[in-house]
Amino acid sequence: MLKSTSLPKAAPDCLQAALLAIAALTLWRLGMLAAMRTELWTDESQYWLWGQSLSFGAYSKPPLIGWLIRSTTEVAGDTPFGVRLAAPVLHGVTAMLVMALAARLTNARVAALAGLTYATMPAATLGAMMMTTDTPLLCAIAAALLMQHRLAARASTGDAVLLGLALGLGFLSKHAMLFAMAGMAMAALVSPAWRITRRDATIAGAVALLLALPNLLWIASHGFVTLHHLAEDGAAQGFGLHLSGAVRFLAEQLAVMGPLAFPAFLLGLHAPRPPLRGAVTVALVILGIVTLQALTSRALANWGVGFTVTGSIIAAHWLARHRALAFASLALGAAVAIALPLIATFGTGWRIGDGPLILSRYLGRAEVSRRAMDFATRNGAAVIVASDRGLLADLSWQSHGSGLEIAATPHDGPPRHHWDLALPLTAAPGTPVVLLMQGAEPPACATGPSDHWIAGPGFAEGRQMSLVLTTPECLTEAKDD
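Everything in the sequence shown is counted per the UniProt record's numbering, starting at 1 for the first residue and increasing by one.
Please keep in mind that the hints were generated in silico from the structure rather than gathered at the bench.
Label pairs and their in silico Cβ distance ranges:
id, residue 1, residue 2, range
1, 355, 247, 22 to 32 angstroms
2, 206, 377, 48 to 58 angstroms
3, 230, 449, 40 to 50 angstroms
4, 267, 334, 16 to 26 angstroms
5, 76, 244, 41 to 51 angstroms
6, 35, 267, 30 to 40 angstroms
7, 334, 413, 40 to 50 angstroms
8, 240, 216, 23 to 33 angstroms
9, 76, 24, 14 to 24 angstroms
Here a beta-carbon is modelled for each residue, glycine too, at the ideal position from N, C-alpha and C.
Please work from the sequences and hints to get the whole structure.
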């Protein structure tokens, strides 16, 4: 695969310089990742847990991220660095794939600028500091687009297989790969430069389906829980016309792609050169689908991040004609790329005025989990339960290797999270169980030893936390009440 996607050995100096800059930035990110003092956030702990079972599916996302984390922690250990190790590497690879695609569509100078624009955009910087499903998704989109463009120029069984692998792995990264696939299909309709033969499309589709099929079967065998979750997540604000939501989503892309890069992308959409029409189509389809979601229901800023793969090329094509703005955009992106890891390392105690810690989302969970684990050990309990996904995720992460069992409290109705689905409470009646709660009082039937405190700095600062020794029967009774 490296042979078929790499840049020519005689690449112009600007491409070589961009490659060196991307490699240097990746090494910087890896080094800072080892020094960061932020804790795993809820999703990262959850993804780590998924990797422990290596199943073909999970409650809310496809399984690839769990597999990736399992592979890196096998090498680097069950540490935050081990969990996040693949993130900066994948973003570096994606930047190089973007550059390779841009070199086919434009020229060496634009390609170098496109690779650097992607590598330094805020979403890539933040994504390199934590492990999210967007990271492998973006890499898969970039690889798939490169293979599609290569196949449109020359039919090849090998490249068709690689296209299928990219599509399948993208689907296993995040189901939003379907947005990119829609964009790729539309690009083929509007531009012959993106149109591949029926034979190659059949090969790619078969390979992609073969990869996706185990996940599809897992979803079907678990009551389509992932699809129900996605539907509920998207409709959290109810269906209707939310013009402010669509405007907010588009404005948030300034923070996703960059305050200069995103306007450059928008300006670059005007009368694109024929070689760029397919790239424009891909970006607009992805961005359009998620903007429509924001308009009719709800969308988070990162849901349309796939547009940045070709969006970086379009922005670079416009910026290349405005050198001062191109330099300013890269300088701003580089400053953020340097500053954010430093803040995650040295700014864990920083606040703005009397407000919460600026990194509160990534701090304070370990203290709560360890207090719960100590309480369980002192009171002879081998099981800790909670209903909150955030508490369960960190408990699972912090307790690995301790012999403690982490489970969800009894619950009727559809699963609320992965623990309801895979790790419900199954302890025998009379078994000592520790209940951990945030901002609520334990049930009246829980009369065992207890511990109540106000959480310190971090995710739950100022909120009441409670621990109580109880039994499965009490928790079932409380659920029924």
